[in-house]
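Undergrad: As a plain string of letters, each chain reads:
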Amino acid sequence: MRRVLALAANAWRENLRSRFFLLTLAFAGIFLYLSFILGALAVEQQARVLLDFGLAFIELMGLAGAIYGATTMVLRELETKTIYLILSRPVGRGEYLLGRFLGLMLSVLVSMALMAAVHLIMLRLKGWSGADAYAMAWLGGFLKVLVTASLTLFLAVFSSSALTAGVIACALWSLGHFLPELRFLVSHGAPRAAVAPLTFLSWVVPDLQLLNFRDRLQTVPGSGPEAGAAVWLGYCALYCAVWLALAWGLLRRKEL
Amino acid sequence: MAEASALEFGSVTKTYVSSHLGRVTRSRGVEELSLGVAEGESFGLLGLNGSGKTTAFKLALGLLHPTRGEVRVLGRPPADAAALAQIGFLPELPYFYPYLTPRESLRFYGRLSGLGGAELSDRVERSLELVGLRRDGDRRMRDFSKGMIQRAGLAQAVLHDPRLIILDEPVSGLDPLAVKDFRDLLGGLCAAGKTLVLSSHSISEVEKLCVRVGVLKAGRLVRLIPQSEWRAAAGGLEGLFVETVR
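Keeping their order, the protein sequence lines are chains R and E. Quick note on our numbering: the first sequence kicks off at 23 and runs consecutively. Quick note on our numbering: the second sequence kicks off at 67 and runs consecutively.
No wet-lab data here; the hints were simulated from the structure. All C-beta atoms, glycine included, are put in the ideal place defined by N, C-alpha and C. It cannot be assumed that every hint is accurate.
[Claimed, not checked] Interface residues of chain R toward chain E, partial, derived using beta-carbon atoms under 10 Å:
| no. | residue |
| --- | --- |
| 1 | Leu27 |
| 2 | Ile105 |
| 3 | Leu107 |
| 4 | Ile143 |
| 5 | Arg146 |
Same shape as in the complex, but just chain E (with noise of 0.2 Å):
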């Protein structure tokens, strides 16, 4: 696999395998998944729900494994300390500690990343400036809306700067002030070379920020889109798109 690869999947199968009273029931998340994503590219993964875009999302954090195939990140396998530690994550509808704030959040979470001393508080701070929470830092996330959730989920996945961001429906739920913000943050981390993944039912973001994309249909990937094509066609990014999974 090159080097130079910030995401690989070789082939990766992954198989859910349940049971229930000796009943045992197996669904798909991806198959035969093979793609690469290049350190510095913002690429898009378009598909309808339950498509395989969360499966590959974990797959590529160890937070599942692969049925076959292999999956590198940043050269290294997934759940690697070192390749995590260059990781930012945002998933669909971030999970907090209620009873912590966003600033307690950050602090927590920056320590995990290993960050610590002046340049956590440092951090910290300019994290919650820049996904514009400043003022809000010492409230309980308890109190949060959805909105707010969101930004604090974009915080602590550029908190640590990490090479590769993992985004997971960055935008759904949000107000289009909040997505043009979302927007214009991420265009800075793709301007600032950082290597982004995103998933996202919104096919007019994904054409704004992303320069190719893969769409997923039925666990496979069916289709790749470079930016120029998707330019160069009539119905854009999102005829083609409807062109491929329907």
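In isolation and in its complexed conformation, chain R is listed as follows (with noise of 0.2 Å):
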């Protein structure tokens, strides 16, 4: 554990010290003023409209940023010959993924952490109140990203290209949101020949419906996620697991 520890910080400081990171922040601010101008221009919902476009900004730069780690961190060692220094000492190919991935995890925790302290500063000057709301939408947000990440780096793995592996996970991030519907084709009217293919992807791509605490808590004010929290904890464990040991799987293959 002591090594996956060290992996883990030193992915840390990685993405700490680069330029990327201090982007995402930059950007991150920036957006964060655009949505409070435009929530004035929304009148009595000002409010709602900057809750709405703060949290789903924060998703999505913290989704930016996780895809983009996830698809570049282990090619990149490849690429740069980093990697013969770390897998030369007793350090399993397992124990790599998993500290560079908990590093890249911590870092998009951090920066969505600072990104939410800044937008609820921002919701309390318009008086705004309800931080455990959006305690709860921030964590569905955080644990989305947390999962299409694992997805991400197995994709990479299996690909050898950050670009194809950034791009299939986007797609299915996007499809992740409709996984309801997804399964719902599946039993209920797909043609013969698009069942199996339709099945395979319903396993595949991460149910973010889940974990979409932001929707239902902004449709049913006051109440909580729809399942207990050892469900939806429990599939972000499991997805995670599972889609990190393949990436293991293909990386104790891999020949360096």
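Each of the two chains sits in its own frame; use the hints to bring them together as a complex.
TA: Spelled out as structure tokens, the structure:
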């Protein structure tokens, strides 16, 4: 575990010192400011607009950082050969992947938390209250980014192309919001030829609706997520574990 | 296989297979490589570009898997954690994270090698001192020259006091002063009983450091030359090497 933590700490340091991380925060600041202005145009719904835009943007920025990080972290190390000095030490390839992934997700978590802190201050200035609901909506956003990042990491190791992995990950992330519809299609009325690929997709695509606390909190004010915490936390843990294990299986066989 | 061997290749063949648009291409890495390096020996691997030296090292470290045959490192399979903990590796052109300083890099690699606490701090400082990088220990490595990178590479290779040190072209691109420093340092490691396996295009360096040399030609080990043989030869090791690979 010490090695995993050392790798995670190094990945965190790498993200902290990279321009991309700073750019993410700068963009976030600009966009949150824009949503503040946009909120002013909404007259009576200022806080609502600021809340919706801000949360969506925080999630999107987190997602962009996670997909960029997950697609490049292993591939760049293979390309620059920095991986040689790691894997020529007593570090298992599974430990390597897990450490890098944890470091990436820590960076994403911190950047999303910083954006949320700024966002909350702006909401407070508009007289909005509801920190508990906000925390749940934000957590849902982070978990969506987390499961998508684990899938992206697998895609990157599998395809050996950051661009391909990134594009597929974005497509699957979009599909993940329509998983209930996809499942409905499989069981009701999809053409026979489409059933097998749609069933496969319904297993691969992350169930982002399960984690979409933001929409539910907005449509049913004061309510929590539909499923219990054990269900959605368990789902996230299992989903990440499966994709990380598959990525490990591929990396273990990869020749460097 | 003999237990006293630090590194043992038993009829190892490595064939690289790549495919593009359904067209499969095979290329040879090493072929039927059989070689043993004893504990405490300093062994040199010579060969022209593409002769299989780096492939042999990667096989020893478990970075590549043999197509046929068996590799044993310190009596264990390659990539075995216990074996890797006892190996120091300097790749040809070592690649570091440019955003780290040598001190941070060494701390990171030390942790990966299982070091920690005061021992880690002590080893990091000693390694920096050993390669002459103590004064530049807190400079980001993106600003380093090739020679300084190579020094940092050697520092990370000896940081955890390994039994077996594998060096791929350790003096390539170094200025004469740095080459002399490297030779003295590696000589000190040999004297301390470490097993040294190195490849180099600089035959004179191999001649000075090694007690036995293997010559690879097109992936095959074509000749083993003990120190006594090249000392007795008129053209020295260079003459024997040229005669072998031509």
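Undergrad: Against chain E, is Leu27(R) within 10 Å by beta-carbon distance?
TA: holds (8 Å)
Undergrad: Quick check on Leu107(R) please, does its C-beta sit within 10 Å of some C-beta on chain E?
TA: holds (6 Å)
Undergrad: Can we keep the Arg146(R) interface hint, with Cβ of chain E closer than 10 Å?
TA: violated (36 Å)
Undergrad: Taking 10 Å as the limit, does the beta-carbon of Ile105(R) come near enough to a beta-carbon in chain E?
TA: holds (9 Å)
Undergrad: Going by Cβ atoms only, is Ile143(R) closer than 10 Å to chain E?
TA: Status violated, d = 31 Å.
Hint compliance for this structure: hints 4 and 5 are not met, and every other hint is.
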